[in-house]
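Novice: Construct the complete structure from the given sequences, taking the supplied hints into account.
Each chain, written out:
Number of protein chains: 4
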Amino acid sequence: MPGYRFKLDLKVRDYECDAQGIVNNAVYQNYLEHCRHEFLLSAGIDFNRLTRDQVFLIVVRAELDYKTPLRGGDAFWIGLNLERVSPLRFVFLQDIFRVPDQRRVLSARTTGTAVNAKGRPALPAELEKLFAGAAKT
Amino acid sequence: MPGYRFKLDLKVRDYECDAQGIVNNAVYQNYLEHCRHEFLLSAGIDFNRLTRDQVFLIVVRAELDYKTPLRGGDAFWIGLNLERVSPLRFVFLQDIFRVPDQRRVLSARTTGTAVNAKGRPALPAELEKLFAGAAKT
Amino acid sequence: MPGYRFKLDLKVRDYECDAQGIVNNAVYQNYLEHCRHEFLLSAGIDFNRLTRDQVFLIVVRAELDYKTPLRGGDAFWIGLNLERVSPLRFVFLQDIFRVPDQRRVLSARTTGTAVNAKGRPALPAELEKLFAGAAKT
Amino acid sequence: MPGYRFKLDLKVRDYECDAQGIVNNAVYQNYLEHCRHEFLLSAGIDFNRLTRDQVFLIVVRAELDYKTPLRGGDAFWIGLNLERVSPLRFVFLQDIFRVPDQRRVLSARTTGTAVNAKGRPALPAELEKLFAGAAKT
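For the protein sequence lines, the chains are U, H, P and G, in the order given. Counting in our numbering, the first sequence runs from 1 upward without gaps. Counting in our numbering, the second sequence runs from 1 upward without gaps. Counting in our numbering, the third sequence runs from 1 upward without gaps. Counting in our numbering, the fourth sequence runs from 1 upward without gaps.
Worth flagging that the hints you see were computed from the coordinates, not collected in a lab. Take every hint as true, because none was put in to throw you off.
Treat identical chains as interchangeable: a pair holds within one or across any two.
Derived lysine-lysine pairs resembling DSBU-like cross-links, with alpha carbons at most 35 Å apart:
1) Lys11 to Lys118
2) Lys67 to Lys118
3) Lys136 to Lys7
4) Lys129 to Lys7
5) Lys129 to Lys11
6) Lys136 to Lys118
Specialist: Written out as structure tokens, the structure is:
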């Protein structure tokens, strides 16, 4: 299992499951977003403060590989790593593992950027700093 | 079946169902909110414009009676009526019926008010006018 | 602050907020359901196992009083108490409080029952036992 | 604008927007799933019937390119095309366009398969037939 820059422990809530009895595909994006925001917060970057300041962190591309479904009551954790791909784009690499068997549930690659109220690129300095040490590709 | 001031036709989306194979209880509040906003829009009141203008329509009380569950693929319609209960509070009475058997799915009573950015009461004139003709209780 | 039979600590996830910048009204029902299921689990009653065994715990009425909205990043806790209202109906009384100021966010009363696959009343013995000690009204 | 095998008209519901005032990233997967299920239904394949028959249509990979955000009240439509990539995997290509300016909102590629209750591949004949005429890659 690779090392991660940030980890978050969570548990499936029953309403997140659909009629197949498994977590609905869209809900994993909720988990991943929450993990990214918690990571940013741990680094002193408050998503909601940025939004109020009209700095909008947005996702431009999401890739999700679904490996094993989560079910109601399952515990799981998310691991997060960073990658810098261009001056204006940053990438979150995230994996979800089921507890306690550590089986891989999902792997995702989310590419983001930041824009101002006019939709113009506006990467805040604190985000630049955060991704300065990230692997480049 | 009583008369309604506004009606909205909808259809269950499969992701709205939970592991019991029926629409999750919380989702009905989504349906009801969407119906209220469509009604307001039909009366020239745009919820999103009000929000941008810092007029916040908020719910202070919701009562929901669940009669028959909806399932994936079910069609249904919502009927809406108004009631004025006090200078600052207005009520939406909403019923959901399944199609085609017209069986009652849910009845709800939602009490709302409007506040400004400071949380002070701020009922916009257009809303006053809308509820002027509503039944009083 | 009253005593509670069960408490659950949670935190708002940003995707749970709507364009008003506050937790959407319907989401509180998600919180309340999750708290009820966690409580049941703590008492040895697994909602998902019951569902697989064709015992369906369902909500017949929900009453929610919205006091103070939660916002992105807010921490909160839910307190839960029980009440037995009739041979076939049981009630969950739940309050949500914001952390750290302990301001009341919401109070809810949720009436439930249990049915089998044919929709007939079917209160499992373990649930009878759980509510045996609850206040009667 | 390319031709599509299936189209679905929808409208943003306000609760689908988050604190940025735009439709939350995860919600687009809801829209896309609903469109796929409506398409399947139009071809006589009922997702919920398959689920009850223990044939589980599942997503193994999702790729989403976010171009322009949708906002509360926006109308939009989804176009869908098919692609057959292997004996066990089929692909839905979906694009979302805003109405009335026809601006591209999102492009997505969703790879699916079908499994039985034991997780073994189990592509139903009706799905084989549906994808028989699809472009191969």
